[in-house]
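Undergrad: Chains H and X, in that order, give the protein sequences.
Per my numbering, residue 322 is the first one in the first sequence, and the count goes up by one each step.
Per my numbering, residue 3 is the first one in the second sequence, and the count goes up by one each step.
No lab work stands behind these hints: they were computed from the structure.
Using N, Cα and C, we set each Cβ at its ideal position, and we do this for glycine too.
Be aware that one or more of the hints could be misleading.
[Said to hold, decoys possible] Which residues of chain X face chain H? A partial, calculated answer using Cβ under 10 Å:
1) Met3
2) Ile49
3) Val111
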Amino acid sequence: MSNLLEKASILLTPTGYDNGSMNCIKPNTSVGDFDFTRGTAATRVNSQGTIEDITDTNLPRINYLGGTGSLLLESQSTNLITYSEDFSHSFWNKSNATVSTSTITDPAGGQNSFKLVPDSGTGGNRSLGRNFTSLSGLHTQTVFAKKGEYNYIMIRTRNSPQTGVMFDLENGTFNVNLTSAAFDSAKIEDYGNGWFRCSMTLDPSQMTVSGKWSTSFSVGITGSETNSFNGDGTSGIYIYGAQLEQQSYATSYIPTSGSTSTRNADVCNNAGSSDLINSTEGVLYAEISSLANDGTSRRISLSSGSDANRVSLEIDETSNRIKVFMNGGSISAAIITFDASDLTQFNKIAIKYKSGDVSLFLNGTEVATSTSTNMPVGLDRLNFDGGNGNNDYFGKVKSVAVFKEALTDSELTCLTS
Amino acid sequence: MYIYKTVFDSQIEGKVELINKGVWEEVTEEGVTQMVYINGTLAVVDIGKVVETPGTYGPDGHEITPPVYYPGWAYDIMSSDVIDFGANEVYPGDEAVHSFFGWPRNAEVPPPVVNSEEQE
C-alpha cells in the first residue's frame with residue numbers, strides 16, 4: 322500500500338491546512354493544494370472530542386466525531402432557533418416545566434447547559450418549546466441531551482398531527498412513540514461524556530396547518546410516554562445547543578444568540594495541474610462517507626473546468642448509488658451505475674480510466690466496468706464538485722488520490738481494501 | 003467580503019432581481035433545477051417574511067393571535083462583489099433577524115454617504 326501511495330501524483334489525507342487552503346501530502350508544492358472558502362465560522366468536534374468554534378472563516382475543518390479525523394464538507398445551513406443555548410430566554414415557551422443553569426461540562430467543554438425539569442403535576446405537556454410557521458421542505462430539529470435523574474428526552478410536535486421520538490440517553494437508542502405522515506426520520510449520535518445529539522426530521526407540509534411546527538422537548542421517565550410527562554419538580558435531564566434547520570439531516574451545530582445564523586457551504590476546489598493529472602489514463606481514488614442519503618447529487622471530479630471534459634465520481638440522488646462519468650468534449654450520461662450497500666459509512670472507491678477500459682472498485686472488489694472510449698482532454702484540476710462549479714461534494718473525506726497511470730487490478734484491489 | 007440585507011415585494015421578485023444582479027443563476031442539469039451561486043457570491047439566505055410582532059399560541063400550539071409581519075420578502079447575501087441593490091437594500095443594524103456565523107448581526111455594507119452638496 323505504501324508503494325501504491327508513492328505512485329500518486331496528488332494525495333490528500335487530510336492533515337495539513339491553512340486559512341483558505343487544504344494542503345495535500347503529494348506533491349510537496351502548493352500546486353497540489355485545494356483552494357478552500359466558506360466565508361463564515363463553523364463548528365467541529367476536535368481531537369479532544371469537544372465542539373469547537375472555527376472562527377477563521379476560510380479554515381477547513383478536520384472533524385473527529387466518532388474518534389477518527391476526516392475533512393468535513395457541508396452545505397449551507399441556517400439555525401432558525403435564535404437562542405440556541407439560552408433556554409431561559411423568553412424565546413422558549415415553558416409549559417409546566419422549568420429550566421435552570423447547570424455546572425456540568427457541556428459538549429463544548431464549558432458550563433452552559435441547562436437542566437430541564439418537568440413539574441410535579443400530572444398529565445400535560447411539561448415541555449420546552451417554540452412555534453415555527455411557514456416552513457417549507459424537510460426540517461430537522463436537534464438538541465444535545467444528557468441523562469440526569471431521568472434517562473429520556475422526547476422531541477415532538479405539539480400541533481397536529483402529533484409526532485414524537487423518544488431518545489434513550491442511557492443506551493443511545495430511540496423509539497418513534499408518535500408517528501404520522503409528517504415524520505421522516507430520527508437519529509441519535511454519541512458525543513461522549515454522556516452527551517447525545519438527538520434529531521428528528523419532519524415534513525412540515527404534512528402538518529394539519531401546513532408549514533407549522535410547534536416543536537418541543539419533554540423529559541421521558543419510562544420512555545413509553547406519548548403525551549403525559551409527570552415529574553417531581555426536581556428531577557430532570559440536561560440539554561444544550563438546539564438547532565432547527567431546513568435539511569433532511571442534522572448538520573454541524575450552529576450556535577446562535579439573538580438572531581438566526583447561517584454557516585456557508587464549504588467549497589474545496591482547484592487542486593493539481595495538467596502535469597499532475599493524465600487525461601489519457603489514470604485513477605481517481607477516494608475514501609469517503611456521505612452525510613446522508615439526501616436526494617442530492619454530490620461529485621468529485623477531474624476536469625478541465627467544465628463538465629464537458631471530466632472523469633467524475635458521483636454520489637447520486639438515488640440512495641447509496643454511485644455513478645461514474647467520463648466525458649470527452651460533450652456531456653453524456655453516466656457510463657457506470659452501481660448500487661452500494663451503505664454510502665453513509667466510509668467506503669474506499671477507485672475509478673480506473675483508460676480508453677475502452679474503465680472500472681469501478683469498491684472496498685477491494687471490482688464491481689462494474691465500461692468499454693467507453695469517450696476520453697476527456699485537458700484535465701488539469703481536482704475538485705470537490707462536478708467540474709463545472711455545480712454539484713458540490715458534501716460529506717466526510719479521509720483520503721483522495723490521483724494516479725497518472727491506470728493501476729493494475731491487483732493494485733486497485735489493494736488500494737481499496 | 004460584503005454582506006447585503008435586502009427586501010423585495012415578493013419572494014419571486016427577489017429571486018429574479020438577484021439573477022439580474024449576477025448573484026445567482028437558475029441551472030437545470032440532468033432534469034434537476036437549482037439556483038447556483040455565480041461571480042463572487044458565497045451565500046444567499048432566503049429569510050422570507052420578517053416578524054414584527056410575534057404570534058401567541060396555546061399549549062398545544064394552536065394560534066391565539068397571528069404574527070404580524072413587516073412588508074416584503076427578505077434575502078441576505080454574502081459576496082466578494084460590490085453590488086448596488088438600490089432601494090431594495092436595508093440596514094437593520096443590531097435589529098437584524100439573521101447573521102452569518104462568526105459575523106456580527108450588524109455586519110453589512112454601510113449605506114452610501116450622501117455628500118454635503120447633495121444634502122443641501
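Undergrad: Hint by hint, note whether the structure agrees.
TA: Here's how the hints hold up against the structure:
1. Met3: Holds: closest Cβ of chain H sits about 6 Å from Met3(X), inside 10 Å.
2. Ile49: Holds, because the Cβ-Cβ distance from Ile49(X) to chain H comes to roughly 8 Å (cut-off 10 Å).
3. Val111: 15 Å, violated
Hint 3 from the list above is the single one not met by this structure.
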